[in-house]
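Given these sequences and hints, build the entire structure.
Here's the letter readout for the chains.
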Amino acid sequence: MSVLVFAEHDNSQLKADTLKTVAAAQAMGGDIHLLVAGHNCQAVVDAASKVNGVTKVLVADNAAYEHQLAENVSLLVTELAADYDHIVATALTTGKNFMPRVAALLDVAQISDIIAVESSDTFVRPIYAGNAIATVQSLDSKKVITVRPTGFDAVATDGNAEVVALDKVTDAGTSSHVSDELSESERPDLGAAGVVISGGRGMQNGDNFKLLEGIADKLGAAIGASRAAVDAGFVPNDMQVGQTGKIVAPDLYIAVGISGAIQHLAGMKDSKIIVAINKDAEAPIFQVADYGLVADLFDALPELESKL
Amino acid sequence: MKVLVPIKRVIDYNVKVRVKADSSNVDLANVKMAINPFCEIAVEEAVRLKEAGTATEVIAVSIGDKSCQEQLRTALALGADRAIQIDTDQNLDSLHVAKLLQKVVEEEQPQLVILGKQSIDSDNNQTGQMLAALTGMAQGTFASAVNIDGEKVNVTREVDGGLQTVALNLPAIVTTDLRLNEPRYASLPNIMKAKRKPLAVKPAADFGIDLAARTTLLKVTPPAERQAGIVVESIDELVEKLKNEAKVIS
Ligand SMILES: Cc1cc2nc3c(=O)[nH]c(=O)nc-3n(C[C@H](O)[C@H](O)[C@H](O)COP(=O)(O)OP(=O)(O)OC[C@H]3O[C@@H](n4cnc5c(N)ncnc54)[C@H](O)[C@@H]3O)c2cc1C
Numbered sequence: 477m478s479v480l481v482f483a484e485h486d487n488s489q490l491k492a493d494t495l496k497t498v499a500a501a502q503a504m505g506g507d508i509h510l511l512v513a514g515h516n517c518q519a520v521v522d523a524a525s526k527v528n529g530v531t532k533v534l535v536a537d538n539a540a541y542e543h544q545l546a547e548n549v550s551l552l553v554t555e556l557a558a559d560y561d562h563i564v565a566t567a568l569t570t571g572k573n574f575m576p577r578v579a580a581l582l583d584v585a586q587i588s589d590i591i592a593v594e595s596s597d598t599f600v601r602p603i604y605a606g607n608a609i610a611t612v613q614s615l616d617s618k619k620v621i622t623v624r625p626t627g628f629d630a631v632a633t634d635g636n637a638e639v640v641a642l643d644k645v646t647d648a649g650t651s652s653h654v655s656d657e658l659s660e661s662e663r664p665d666l667g668a669a670g671v672v673i674s675g676g677r678g679m680q681n682g683d684n685f686k687l688l689e690g691i692a693d694k695l696g697a698a699i700g701a702s703r704a705a706v707d708a709g710f711v712p713n714d715m716q717v718g719q720t721g722k723i724v725a726p727d728l729y730i731a732v733g734i735s736g737a738i739q740h741l742a743g744m745k746d747s748k749i750i751v752a753i754n755k756d757a758e759a760p761i762f763q764v765a766d767y768g769l770v771a772d773l774f775d776a777l778p779e780l781e782s783k784l
Numbered sequence: 241m242k243v244l245v246p247i248k249r250v251i252d253y254n255v256k257v258r259v260k261a262d263s264s265n266v267d268l269a270n271v272k273m274a275i276n277p278f279c280e281i282a283v284e285e286a287v288r289l290k291e292a293g294t295a296t297e298v299i300a301v302s303i304g305d306k307s308c309q310e311q312l313r314t315a316l317a318l319g320a321d322r323a324i325q326i327d328t329d330q331n332l333d334s335l336h337v338a339k340l341l342q343k344v345v346e347e348e349q350p351q352l353v354i355l356g357k358q359s360i361d362s363d364n365n366q367t368g369q370m371l372a373a374l375t376g377m378a379q380g381t382f383a384s385a386v387n388i389d390g391e392k393v394n395v396t397r398e399v400d401g402g403l404q405t406v407a408l409n410l411p412a413i414v415t416t417d418l419r420l421n422e423p424r425y426a427s428l429p430n431i432m433k434a435k436r437k438p439l440a441v442k443p444a445a446d447f448g449i450d451l452a453a454r455t456t457l458l459k460v461t462p463p464a465e466r467q468a469g470i471v472v473e474s475i476d477e478l479v480e481k482l483k484n485e486a487k488v489i490s
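Here the protein sequences come in this chain order: A and B. Counting along the first sequence from 1, when you hit position 305 you're at 781 in the numbering used here, and nothing is skipped either side. Counting along the second sequence from 1, when you hit position 79 you're at 319 in the numbering used here, and nothing is skipped either side.
I should point out that these hints are in silico values taken from the structure, not numbers from a laboratory. We put the CB at the ideal spot given by N, CA and C, even for glycine. Please note that a few of the clues may not be correct.
[To be verified] Covered stretches of chain B, going by a simulated chain A footprint (3 or more residues, C-beta under 8 Å):
#1 248–257
#2 280–287
#3 354–362
#4 448–462
What follows is the structure, encoded as structure tokens:
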């Protein structure tokens with residue numbers, strides 16, 4: 477038995493969530509090989525070789541993989557899949573994008589977004605925006621799985637895996653990369669931060685998100701948002717937390733001017749401690765908050781910043 | 241060009257689903273159902289392409305029992321030209337859905353297939369990508385902008401770090417994200433007109449695809465409930481609790 481894990485990275489950094497996906501792979505059983513597909517990604521390969529529990533790092537370093545286009549990466553992974561029982565990726569945008577192609581090419585079902593491994597063929601995953609938890613058994617001989625990182629604890633990074641270069645290149649030739657418009661931020665990644673402070677429609681505009689920044693600076697927090705705040709153009713899309721945005725589970729989540737719709741809760745209700753600041757005492761967010769403060773955020777935020 | 245829009249009937253997004261007492265599944269009896277919000281965005285995008293003169297025909301297709309005709313009529317009221325119901329009362333895996341859609345693509349030869357990126361019931365986020373793989377097409381998933389440019393389509397995608405734009409050869413597959421457009425409301429005259437638009441029913445069994453289940457749903461349970469906490473009276477009390485009780489800040 478062996479597991480192929482796709483390493484999530486941006487050609488310069490191995491994403492920390494990959495360490496959680498490897499933890500999930502360990503629970504499936506067997507040797508774990510980590511695939512680094514990218515271009516000029518030696519730093520990622522170095523980091524990958526140190527991931528505990530990984531016996532081999534496969535490296536596909538080629539221009540065809542630079543932007544991890546689903547058409548190209550899925551062909552590569554499908555070819556490699558012949559040697560594995562489980563093919564596993566993190567349920568982030570890259571994995572979500574190409575893995576179902578792999579499943580279809582292998583003629584197997586995919587099990588998405590698992591939060592626990594019961595056995596080598598049985599997995600637990602949230603459905604209906606996390607309002608129900610399904611236990612699903614795969615009947616296929618090969619399992620294609622994406623892992624929700626908040627469900628697993630990261631493995632350590634003091635290993636020493638063998639590195640093997642792959643020379644075959646799979647380029648479907650049907651798509652090309654045009655441009656990226658990436659958000660620059662000095663703050664920690666939403667998915668990796670120990671503290672997240674999010675603003676909703678109650679923030680009224682993008683400028684007012686500055687009120688969150690001072691607090692985020694003091695707490696080393698990432699800043700998130702509700703869909704309403706993103707749709708209204710206050711902040712960019714990559715800050716959205718929820719069913720269809722990012723899933724976070726920090727030690728501390730502070731929801732400010734967010735009502736607590738089920739789609740938002742789906743992205744944050746596994747946080748250890750939840751704080752809600754909302755002027756409406758009836759807002760559903762208070763039903764999941766450990767500490768609720770009924771207050772106008774424009775009074776509360778400056779005071780909170782000054783008292784931290 | 242023809243645009244194909246596969247849609248799904250799902251629980252209304254405002255409804256909080258409950259789990260059955262015997263843990264066999266969720267309870268959908270007497271629950272309000274609707275077109276999956278992402279599929280509605282897909283229909284809207286296709287209709288806009290038609291209004292812009294880019295698309296010539298918009299075909300909506302849904303896989304399910306007779307009840308999904310209601311959602312197909314919604315799509316027709318929003319501006320789709322005709323509809324196809326692939327009739328089955330089986331619970332299908334995304335792979336089966338993609339295989340059935342592959343047959344529809346072979347028959348209809350659309351230049352563009354627009355799907356929702358995920359359905360809000362199973363939250364799988366698979367069907368569009370699987371259909372793309374089976375048809376050998378390129379895909380633009382999680383789209384927030386779609387621009388046809390001659391033989392290609394440029395798709396701007398919502399990704400973890402921000403936005404990414406890719407160029408795809410046509411025919412291609414697009415899956416919608418929330419900010420692609422804001423769907424219109426169907427007007428009463430259009431709802432009336434939709435009743436007379438063609439809706440073909442085809443039994444799933446006629447497609448010659450092995451629909452045997454690939455997964456078994458062993459059980460469905462409610463999520464761990466969070467205990468509602470306390471209401472604090474002041475910022476001072478909040479900071480004190482976070483430091484000394486929850487110990488999440490220092
Ligand atoms: C298919 C689908 C997917 C979705 N996915 C997501 C998702 O991933 N993430 C997500 O967040 N949403 C998602 N949504 C949207 C969701 O249903 C809600 O519409 C959204 O979360 C509401 O955002 P909000 O709480 O900021 O806004 P509102 O619901 O408008 O709440 C604003 C809150 O701010 C409070 N407020 C206003 N002014 C102040 C003030 N001065 N001081 C203090 N409080 C104030 C109000 O009391 C209110 O509670 C999705 C919806 C659909 C249909």
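Structure-based check of each hint:
1. 248–257: holds (count 4)
2. 280–287: Coverage by chain A is violated here, the residue count being 0 at a Cβ distance below 8 Å.
3. 354–362: holds (count 5)
4. 448–462: Result for this restraint: holds, n = 10.
This entry does not satisfy hint 2, going by the numbered hints stated previously; all others are met.
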